[in-house]
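Residue numbers (the UniProt record's numbering), protein chains in the order written: chain A, 1 to 634; chain B, 1 to 634.
The hints are simulated quantities; they were obtained by calculation from the structure and are not laboratory data. Source: prediction; values computed, not measured. Every residue, glycine too, gets a C-beta built ideally from N, C-alpha and C. Possibly wrong hints are sitting among the right ones.
As the list claims (entries may be wrong) - Capping the alpha-carbon separation at 25 Å, the derived lysine-lysine pairs in BS3-like fashion look like this:
#  : chain 1 : residue 1 : chain 2 : residue 2
1  : A       : Lys20     : A       : Lys123
2  : B       : Lys58     : B       : Lys39
3  : A       : Lys466    : A       : Lys106
4  : B       : Lys619    : A       : Lys634
5  : A       : Lys634    : A       : Lys589
6  : B       : Lys106    : B       : Lys466
7  : B       : Lys218    : A       : Lys175
8  : B       : Lys634    : A       : Lys218
9  : B       : Lys158    : B       : Lys284
10 : B       : Lys619    : A       : Lys619
11 : A       : Lys123    : A       : Lys107
12 : B       : Lys620    : A       : Lys620
13 : B       : Lys58     : B       : Lys11
14 : A       : Lys591    : A       : Lys581
15 : A       : Lys619    : B       : Lys620
16 : A       : Lys596    : B       : Lys620
17 : B       : Lys39     : A       : Lys287
18 : A       : Lys12     : A       : Lys50
19 : A       : Lys619    : A       : Lys585
20 : B       : Lys107    : B       : Lys77
21 : B       : Lys144    : B       : Lys294
22 : B       : Lys123    : B       : Lys175
23 : A       : Lys175    : A       : Lys51
24 : A       : Lys218    : A       : Lys542
25 : B       : Lys558    : B       : Lys596
26 : B       : Lys619    : B       : Lys585
27 : A       : Lys548    : A       : Lys518
28 : A       : Lys39     : A       : Lys158
29 : A       : Lys620    : B       : Lys619
30 : B       : Lys284    : B       : Lys297
31 : B       : Lys560    : B       : Lys284
32 : B       : Lys287    : A       : Lys175
33 : A       : Lys117    : A       : Lys107
34 : B       : Lys77     : A       : Lys218
35 : A       : Lys620    : B       : Lys596
36 : A       : Lys596    : B       : Lys596
What the hints assert, rightly or not - Negatives, chain A to chain B, calculated, CB over 10 Å:
#  : residue
37 : Ser183
38 : Pro201
39 : Ser229
40 : Lys301
2 protein chains.
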Amino acid sequence: MSAEEILENLKKEIIKRSPKEAKIIDVQFEGPELVIYVKNPEVFTNEIVKKLAKDLRKRISVRPDPSVLLEPELAKKKILEIVPEDAGIVNCVFDPNTGEVIIESKKPGLVIGKEGKTLEEIKKAIKWAPKPVRVPPIQSETIKAIRATLYRERDEVKEILRRIGRRIHRDVVIKGDYWIRVSFLGGAREVGRSCLLVQTPDTRVLLDCGINVAYDDKTFPHFEAPEFSIEDLDAVIITHAHLDHCGFVPGLFRYGYDGPVYCTRPTRDLMTLLQKDYLDIAMKEGKPLPYSAKDIKTCVKHTIPIDYGVTTDISPTIKLTLHNAGHVLGSAIAHLHFGEGLYNLAYTGDIKFEPSRLLEPAVCQFPRLETLIIESTYGGYDDVLPSREEAERELLKVVSETIDKNGKVLIPVFGVGRAQELMLVLEEGYNQGIFNAPVYLDGMIWEATAIHTAYPEYLSKEIRQKIFHEGDNPFLSDVFKRVGSTNERRNIIDSDEPCIILATSGMLTGGPSLEYFKNLAPDEKNAIIFVGYQAEGTLGRKIQRGWKEIPIVTRNGKTKSIPVNLSVYTIEGFSGHSDRKQLIKYIRKVKPSPEKVIMVHGEESKCIDFSETVRRLFKKQTYAPNNLDAIRVK
Amino acid sequence: MSAEEILENLKKEIIKRSPKEAKIIDVQFEGPELVIYVKNPEVFTNEIVKKLAKDLRKRISVRPDPSVLLEPELAKKKILEIVPEDAGIVNCVFDPNTGEVIIESKKPGLVIGKEGKTLEEIKKAIKWAPKPVRVPPIQSETIKAIRATLYRERDEVKEILRRIGRRIHRDVVIKGDYWIRVSFLGGAREVGRSCLLVQTPDTRVLLDCGINVAYDDKTFPHFEAPEFSIEDLDAVIITHAHLDHCGFVPGLFRYGYDGPVYCTRPTRDLMTLLQKDYLDIAMKEGKPLPYSAKDIKTCVKHTIPIDYGVTTDISPTIKLTLHNAGHVLGSAIAHLHFGEGLYNLAYTGDIKFEPSRLLEPAVCQFPRLETLIIESTYGGYDDVLPSREEAERELLKVVSETIDKNGKVLIPVFGVGRAQELMLVLEEGYNQGIFNAPVYLDGMIWEATAIHTAYPEYLSKEIRQKIFHEGDNPFLSDVFKRVGSTNERRNIIDSDEPCIILATSGMLTGGPSLEYFKNLAPDEKNAIIFVGYQAEGTLGRKIQRGWKEIPIVTRNGKTKSIPVNLSVYTIEGFSGHSDRKQLIKYIRKVKPSPEKVIMVHGEESKCIDFSETVRRLFKKQTYAPNNLDAIRVK
């Protein structure tokens, strides 16, 4: 049966099962959803929708037909008329593809009204479905740009969603075995360029599609693997926004992919930010660009955001659910369910299995689980990290000592995750009077922070509450100074004033942190603190290992040596990764206990160590595959 | 550089380095060889050819240009004129694609003449290169048909060879890693449908391409594996003629393959015989046919026979050498050499690592070796087989006892290999007076025996000598009676006369052995002796396990039960496979000792047992992959 025929049959079923007064205009597959366009959406109660979804075994969305929606301009006017001025409406964002309008206000309670009365009134007047949210304390340029793109190119986006929808809901007949295998195209026995190809007789899915910024010759996953065919991909799933997990996604579109990218909404926004930043840095360094800004935009238009815990059809035989991974904002464990209760595989991406200041710990309970693919960054025998409390104490000690002797503290950080975590620590230290000096934020940190405040529901309970009490929002503290230009950066470097600098990139592979380092390295008063994983091959790793001189290329193209005299510290407890103890604990706690465990995302020895440990301790089948190995799990 | 340009350059080099009197007419890639067509081939001494081959790093063949060859009719006349009548010339087989004429005679010495004088004279007169051979004591219909096809369709064959030649010698540029991986499409943790896909950045090679006749749903290898693309295959290598290693090769041609098949000459002939027989049986049983007789012919035309020990370019970066595997006539271990001294992999196919009556033991010395892929049929903990001598004694004991009580002995055998081995044992027993009854040969045994006698150079020294002393040729003994028709078979079944029956198939999956079994099973005087491996799922295995009744479908389509009352014996020492002790001995002896050992071609538990044993004993990396796993070896 063709997708069109399937859709026609579903439409008949829906009409038969729905109240007549709803006036169904159209039924469409849009991405993973079955969307019912009606004249009177209010007729569809939650119960009716739930029953339909259960009966038809589809994710169902009921929307007002475009013909009944009030013009956005007029609708906005109406909203402002209806809602009392005290609500402080800042912005109304219309999404014609969902029929929703996001109403950003200072007091969303007033938009909702008593028992939802105001909301009801708005809905009736404009027909758009109103979604009241609190205005984020910091505005994100990235989110603004993404919303603008999706609005401007809404017709194309709708077309993309319908095409994807038809592909997801196609009819397949499996002859013979239904097997499941995973090919490791990158990130096996290495950190960087994570990329796993999941294959079944009818489906091809890519789990992550990263790049390794540390190497020129191992930058991209093994796309030359014979089983990889960009045209045959059904879906790309991105666990989180770090470049080693998502850096090549726009490149897929450049080379012919035109299917969906599934991730959480924060991941979509953060990865867009990081991909742009990657292009900027590569451009400045004169490196070849694997894709353009246009490809990043294409990627955004193909991204289907999904929330934690919502199960989504991504192919005729595979369902995807994302679960919190505790690693960075929006980071997810991807759980794949194959066939009708046939098999289940979870891929952790990067996980943190304890609470951080920002996030809740990784989820470890799944409805079913046969194979677990787990990261191994700190899977080696001696990879036991200090506790976060110890790490915080040590950080503040180094900071206060360096400030006291009039030095500058450089902390190279991933802009996403580590930076915000450290901001919270430093803000507290500053408030407690442990040091008295400004904290400069350079690179994309500010923007990444803005995205954090836009998704409070993805943050830990504690920080979520703080953010929404403006006087208490730690990210808005006076101690933080945003570095907005090269001049400002120059001034910070040249001034005698002691200070703390948080700057990207986190491994000194480029960006402002490298600039600062070159200038601060010769002075022994200064200090550098590494707070994140430094990959093999990066300058960060070399400095960690004790290099006492580094070669740099000057403006006139000559190479000169810079002495490294500043104090070098590594404080590991801030890592967004689980250490060995936590990884083992995760294996112990994960429910149900899987049959097979596959170790990826770690240096060779760590993957092997971890694999052998789990085999020994838990008597499981474990694997530490190489890149280009393929493992049949079922 | 295109293949044409490469060829043009080589031609220039050859002309520069060759004696002018040779008069070079043309230079062509034909399969793996670089062929020089000349007017005066005699000018090219062995030394000149050797030096050219060394300098140009190509397999070189010098042939008379077709324009100077005498018409075959006239040439034959000339040969008969020149050679004395006593030589007893039976046949002259002209191969226009090699410029050779095979002269089959009773006394090849007389064709050669004193110090090769007669041969020289022939060559001068007809220009064809004469190859004197002794006429085989039994004529093979298969060989006759293959020769006829190759002669009749010689123009197409030449075109095929040239196309393959250009592909082998194409120019490739490898960017990035040169990796090597093996995907297991069949025969991993199972016996049957052996099929391994070797992949490098520039080459795809299939090692074996078998079928499993025992199962209807696991008949064919996993061609749906995403990395398998029939159009991208560079070569197919067949280790030996049993259907579980070569049964699907004609199917490859049916579905679009048009490249070379490499194997020994006996393997080509035996596999053609077995594939035809497979089609015949499937047709009779009304089973779907995966290919037709025409596809078998296409396969023959694409087969490039190579001798043991001759190294052959099969792709721009891979060289193949076949070595004796001791399993059946022409069986080979495939040794692949990658890049310039970069890596070496040997795949044993099926091996016997001790001398049998027919064959020398498997080769265990290679110039280099990093990965060994080895069969595991008898790799389990308790798979220690009795010695051949014990097995022979036991066989003759069962035979003589059954004959003594007027019973019939049914021995289901593989037509190729086991049958001939048993014929040698039975002939000796008959001569020694251990039993006195005829031995009937049914199915393809006779024809397979004929092919054995056509390739004495592939047999053990002892049997080779016997064959050529006609009075002493055991295969021609009076004890053997060929069953040529259904009527004759009926008579044997109905008669009261005790006898021994060797019949195919070897696992009672069809063919005459099944016919005999149905009729002999109810009578307890009779006996059945299993002498070969009975795969999971076959009737043979079920009988071995003690089934006391078997369901059969009668002529009118009804199912009835047949009681199994005859005595059932399993005598394992005749296996063409190494037992566990021999397999371990092989790993110990193989030189150089490989880093990795991969176990295939065995039931799940045996592959795992064997793999663990080798890991423990030899501290090697071992693997027991599943079908659809891929292992990167380099």
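We went through each hint and held it up to the structure:
{"no.": "1", "hint": "Lys20(A) to Lys123(A)", "result": "20 Å, holds"}
{"no.": "2", "hint": "Lys58(B) to Lys39(B)", "result": "21 Å, holds"}
{"no.": "3", "hint": "Lys466(A) to Lys106(A)", "result": "15 Å, holds"}
{"no.": "4", "hint": "Lys619(B) to Lys634(A)", "result": "29 Å, violated"}
{"no.": "5", "hint": "Lys634(A) to Lys589(A)", "result": "23 Å, holds"}
{"no.": "6", "hint": "Lys106(B) to Lys466(B)", "result": "15 Å, holds"}
{"no.": "7", "hint": "Lys218(B) to Lys175(A)", "result": "11 Å, holds"}
{"no.": "8", "hint": "Lys634(B) to Lys218(A)", "result": "16 Å, holds"}
{"no.": "9", "hint": "Lys158(B) to Lys284(B)", "result": "36 Å, violated"}
{"no.": "10", "hint": "Lys619(B) to Lys619(A)", "result": "21 Å, holds"}
{"no.": "11", "hint": "Lys123(A) to Lys107(A)", "result": "18 Å, holds"}
{"no.": "12", "hint": "Lys620(B) to Lys620(A)", "result": "21 Å, holds"}
{"no.": "13", "hint": "Lys58(B) to Lys11(B)", "result": "12 Å, holds"}
{"no.": "14", "hint": "Lys591(A) to Lys581(A)", "result": "18 Å, holds"}
{"no.": "15", "hint": "Lys619(A) to Lys620(B)", "result": "22 Å, holds"}
{"no.": "16", "hint": "Lys596(A) to Lys620(B)", "result": "23 Å, holds"}
{"no.": "17", "hint": "Lys39(B) to Lys287(A)", "result": "59 Å, violated"}
{"no.": "18", "hint": "Lys12(A) to Lys50(A)", "result": "18 Å, holds"}
{"no.": "19", "hint": "Lys619(A) to Lys585(A)", "result": "15 Å, holds"}
{"no.": "20", "hint": "Lys107(B) to Lys77(B)", "result": "18 Å, holds"}
{"no.": "21", "hint": "Lys144(B) to Lys294(B)", "result": "17 Å, holds"}
{"no.": "22", "hint": "Lys123(B) to Lys175(B)", "result": "50 Å, violated"}
{"no.": "23", "hint": "Lys175(A) to Lys51(A)", "result": "32 Å, violated"}
{"no.": "24", "hint": "Lys218(A) to Lys542(A)", "result": "18 Å, holds"}
{"no.": "25", "hint": "Lys558(B) to Lys596(B)", "result": "53 Å, violated"}
{"no.": "26", "hint": "Lys619(B) to Lys585(B)", "result": "15 Å, holds"}
{"no.": "27", "hint": "Lys548(A) to Lys518(A)", "result": "13 Å, holds"}
{"no.": "28", "hint": "Lys39(A) to Lys158(A)", "result": "19 Å, holds"}
{"no.": "29", "hint": "Lys620(A) to Lys619(B)", "result": "22 Å, holds"}
{"no.": "30", "hint": "Lys284(B) to Lys297(B)", "result": "21 Å, holds"}
{"no.": "31", "hint": "Lys560(B) to Lys284(B)", "result": "20 Å, holds"}
{"no.": "32", "hint": "Lys287(B) to Lys175(A)", "result": "18 Å, holds"}
{"no.": "33", "hint": "Lys117(A) to Lys107(A)", "result": "15 Å, holds"}
{"no.": "34", "hint": "Lys77(B) to Lys218(A)", "result": "68 Å, violated"}
{"no.": "35", "hint": "Lys620(A) to Lys596(B)", "result": "23 Å, holds"}
{"no.": "36", "hint": "Lys596(A) to Lys596(B)", "result": "23 Å, holds"}
{"no.": "37", "hint": "Ser183", "result": "7 Å, violated"}
{"no.": "38", "hint": "Pro201", "result": "6 Å, violated"}
{"no.": "39", "hint": "Ser229", "result": "7 Å, violated"}
{"no.": "40", "hint": "Lys301", "result": "27 Å, holds"}
Checked against the numbered hints above, the structure violates hints 4, 9, 17, 22, 23, 25, 34, 37, 38, 39; every other hint is satisfied.
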